[in-house]
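In order, the protein sequences belong to chains A and B.
In this text, residue positions in the first sequence follow the numbering used here: the first is 8, and each later residue adds one.
In this text, residue positions in the second sequence follow the numbering used here: the first is 376, and each later residue adds one.
FYI, nobody ran anything at the bench for these hints, they're computed from the structure.
Do not take every clue at face value.
Restraint-style ranges between C-beta atoms, simulated for each label pair [to be verified]:
hint, chain 1, residue 1, chain 2, residue 2, range
1, A, W89, B, T599, 23 to 33 Å
2, B, T599, A, A69, 40 to 50 Å
3, A, M38, B, Q530, 30 to 40 Å
4, B, N579, A, I36, 20 to 30 Å
5, B, Q611, A, T11, 44 to 54 Å
6, B, D497, A, S112, 45 to 55 Å
Residues of chain A clear of chain B, computed beta-carbon distances all greater than 10 Å [said to hold, decoys possible]:
hint, residue
7, G42
8, L45
9, V55
10, N56
11, E61
12, N67
13, F70
14, G73
15, M99
16, V124
17, S126
Using 20 Å as the maximum straight-line C-alpha spacing, the simulated SDA-like pairs for lysine to any residue come out as follows [said to hold, decoys possible]:
hint, chain 1, residue 1, chain 2, residue 2
18, B, K472, B, K486
19, B, K486, A, T108
20, B, K590, A, A107
21, A, K117, A, I128
22, A, K117, B, G557
23, A, K32, B, M624
24, B, K627, B, A529
25, B, K627, A, W33
26, B, K590, A, I128
For clarity, every value in this text was computed on a predicted model and none was experimentally measured.
Note that CB positions come from ideal geometry on N, CA and C, so glycine has one too.
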Amino acid sequence: MTSTIEAPRSPYTRSTRKSGVNWEKWGWIYMRVSGVVLVVLIFGHLFVNLMTGEGVSALNFAFVAGKLASPFWQIWDVLMLWLALIHGGNGMRTLVNDYATSRISRGILKVAILVSVVSLIVLGTLVVYTFDACPAGSPADLLPAVCSTL
Amino acid sequence: MSSATIDQKPIVPEEIKSFTVTLIIRRFNPEVDSEPHWQDFDVQMYPTDRVLDALHKIKWDQDGSLTFRRSCAHGVCGSDAMRINGRNRLACKTLMKDLDITKPIYVEAIKGLPLEKDLIVDMEPFFDSFKAVQPFLMNSVTPEKGKERIQTVAQRARFDDTTKCILCAACTSSCPVFWTDGQYFGPAAIVNAHRFIFDSRDENAAVRLDILNDKEGVWRCRTTFNCTEACPRGIQVTQAIAEVKQAIMRGKA
Numbered sequence: 008m009t010s011t012i013e014a015p016r017s018p019y020t021r022s023t024r025k026s027g028v029n030w031e032k033w034g035w036i037y038m039r040v041s042g043v044v045l046v047v048l049i050f051g052h053l054f055v056n057l058m059t060g061e062g063v064s065a066l067n068f069a070f071v072a073g074k075l076a077s078p079f080w081q082i083w084d085v086l087m088l089w090l091a092l093i094h095g096g097n098g099m100r101t102l103v104n105d106y107a108t109s110r111i112s113r114g115i116l117k118v119a120i121l122v123s124v125v126s127l128i129v130l131g132t133l134v135v136y137t138f139d140a141c142p143a144g145s146p147a148d149l150l151p152a153v154c155s156t157l
Numbered sequence: 376m377s378s379a380t381i382d383q384k385p386i387v388p389e390e391i392k393s394f395t396v397t398l399i400i401r402r403f404n405p406e407v408d409s410e411p412h413w414q415d416f417d418v419q420m421y422p423t424d425r426v427l428d429a430l431h432k433i434k435w436d437q438d439g440s441l442t443f444r445r446s447c448a449h450g451v452c453g454s455d456a457m458r459i460n461g462r463n464r465l466a467c468k469t470l471m472k473d474l475d476i477t478k479p480i481y482v483e484a485i486k487g488l489p490l491e492k493d494l495i496v497d498m499e500p501f502f503d504s505f506k507a508v509q510p511f512l513m514n515s516v517t518p519e520k521g522k523e524r525i526q527t528v529a530q531r532a533r534f535d536d537t538t539k540c541i542l543c544a545a546c547t548s549s550c551p552v553f554w555t556d557g558q559y560f561g562p563a564a565i566v567n568a569h570r571f572i573f574d575s576r577d578e579n580a581a582v583r584l585d586i587l588n589d590k591e592g593v594w595r596c597r598t599t600f601n602c603t604e605a606c607p608r609g610i611q612v613t614q615a616i617a618e619v620k621q622a623i624m625r626g627k628a
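Pulled out of the complex, with its shape left as it was, chain A reads as follows:
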C-alpha cells in the first residue's frame, strides 16, 4: 500500500500578470497611506468627542447634530468613513484571499464584503450630508428638545 498525503498547496500555477494597473501594489500603498491618515482622524475624533469640553458626558443627540452641522466635521467624518471602510474592506479581502480555499467561497465572500462596504459608504455619506436635526414641518413632540431653542 502506498498512500500520498495531499500536497498542502495547489500545484505551481502562477499566472503571468497582464499589463495594466497593478491593483495589489496600489492596494498595498492605499493601506499604508490611509492607515497613517486614519490614525490622525480617529484619534482626533476621539479626543474632540471624549476629552475636550465636558468630556464623554457631553455626548448626546444635540452634540452630534451640532458637529454634523459644521462643514469641517462633515468633511472630517466623511473622510474617516470612506478611508476606514475601504481600508477595512481591503483588509478583509486580503484575509479572504489568504484563507478561503475554493474559488466559489472566495467569490461569495468578496462580493459580500464589497456590497457591505459600498452600502455603508453610501448610507454614511447620505447621513452626513443630508442630516437635519429639526426637519421643518414635523410635529413638535417628535423633535428633540434643542429644536425649540433654535
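Once you've looked at the hints, dock chain B against the given chain A.
Here is chain B on its own, set in the frame of chain A:
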C-alpha cells in the same frame, strides 16, 4: 625539580553529565501509513549535543527507518531544516542545552510543502519559486580581460545580508501566507531576488522587480516577521522584503 608536583592530585575534569531526552517525532511512511503519527524515542544526550545528534542516535541505534535529510551537519548546506518544538530551525544548529529538556522535544517536517516521508518534504515548489526570480548575475558587459567586475565596499555591503541565504526553506515554510493555497513566492525567493536586485554589477533588477510586482509577489507579505525569526543565518528577511517593496514603488533599485 621539586617534589611538590608529585603530591598534587591529577586534575580530573568535572564529569559532564548526560541525560535522557525524549523526542517525539512526527512519522509518516507512505508505504504503510495513511496519516502521519507521532512516535517517541528516548536518547541519552549531552548538553552540547544537537538535535541532529539525537536523530542520528535514533536512526543508528533504535530505528533505522527514521528518514531525514542532512548533508554537512554544520549549518551551511541547509538540508536539515525542521520544525523543532514548533519553531523552524536547523537540527544541526539546535543544541540540547538551548531546549527545555524537562519536556519532550517535538520534531516534525517543515510545513507548507508536500510531505514525502518522516521529516522529508518535497522541496520542488520551493525551488520553483527560487528559480522564478532569476537568481543569477545578468550583465551584458564583459569585464576587461583578466579583471573582475569592480564594486565598492559600500556597493557590496548593500546586499551583504541576503548573500547569506542557504536555501534551507526555514523562512518560507514558517510564513503563514505561504501555508495558504495561494502561490506566494515566499520569503526565500524574495531574499534571493534582493541579493541581485541591489547588486550594482547586475543589470536586470527591473526584470526581477517586475516578477515580484505580481499578485502573488511581495504584496502578499503581511510583515509577520516569522521568516526573520526562523532564519538560521540571521538574515533580516522581512526588511529585505520591505526594501524590495520600496524598490518596486520607486521603480528602481
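Each hint, compared with the structure:
The hint said 23 to 33 Å for the Cβ distance between A:W89 and B:T599, and at roughly 28 Å that hint holds. Distance hint for B:T599 and A:A69: a CB-CB separation of about 46 Å, consistent with the stated range 40 to 50 Å. Our hint of 30 to 40 Å for A:M38 and B:Q530 holds, since their Cβ atoms are close to 32 Å apart. Range check, B:N579 to A:I36: Cβ separation about 24 Å, and the 20 to 30 Å hint holds.
The hinted window of 44 to 54 Å between B:Q611 and A:T11 is violated, with their beta carbons roughly 37 Å apart. Look at B:D497 against A:S112: about 27 Å separates their beta carbons, and that is not inside 45 to 55 Å. At roughly 12 Å, the least C-beta separation between A:G42 and chain B is larger than 10 Å, which holds for a residue marked as non-interface. Once the 10 Å rule is applied to beta carbons, A:L45 is consistent with being away from chain B; the minimum gap is 18 Å.
No beta-carbon of chain B is positioned within 10 Å of the beta-carbon of A:V55; the least distance is around 32 Å. No Cβ of chain B approaches the Cβ of A:N56 within 10 Å, the least distance being about 31 Å, so the stated non-interface status holds. Every CB of chain B is more than 10 Å from the CB of A:E61 (nearest about 41 Å), matching its label as outside the interface. With a minimum CB-CB distance of about 41 Å to chain B, A:N67 clears the 10 Å threshold, and the non-interface call stands.
Distance to chain B confirms A:F70 as a non-interface residue, since its nearest Cβ pair spans about 39 Å, more than 10 Å. For A:G73, the non-interface assignment is confirmed: its Cβ lies about 41 Å from the closest Cβ of chain B, beyond the 10 Å cut-off. Residue placement check: A:M99 keeps its beta carbon more than 10 Å from all beta carbons of chain B (closest about 14 Å). A cut-off of 10 Å between C-beta atoms confirms that A:V124 is not in contact with chain B; the least separation is 20 Å.
Once the 10 Å rule is applied to beta carbons, A:S126 is consistent with being away from chain B; the minimum gap is 27 Å. Under the criterion of a C-alpha separation no larger than 20 Å, the hint pairing B:K472 with B:K486 is inconsistent with the structure, at around 25 Å. Taking the CA atoms of B:K486 and A:T108, the gap is near 17 Å; set against the 20 Å cutoff, the hint holds. Pair hint B:K590 plus A:A107 holds up; C-alpha atoms about 16 Å apart against a cutoff of 20 Å.
With a C-alpha separation of about 16 Å, the suggested pair A:K117 and A:I128 falls inside the 20 Å cut-off, and the hint holds. Between A:K117 and B:G557 the alpha-carbon distance is near 16 Å, which keeps this suggested pair within the 20 Å criterion. For the hint pairing A:K32 with B:M624, the CA-to-CA distance comes to about 8 Å; that is within 20 Å, so the pair holds. Of the supplied pair hints, the one linking B:K627 and B:A529 holds, its CA atoms being roughly 18 Å apart against a limit of 20 Å.
Annotation: proposed proximity of B:K627 to A:W33 holds, straight-line Cα distance about 17 Å (limit 20 Å). As the CA atoms of B:K590 and A:I128 are separated by approximately 27 Å, the hinted pair breaks the 20 Å bound.
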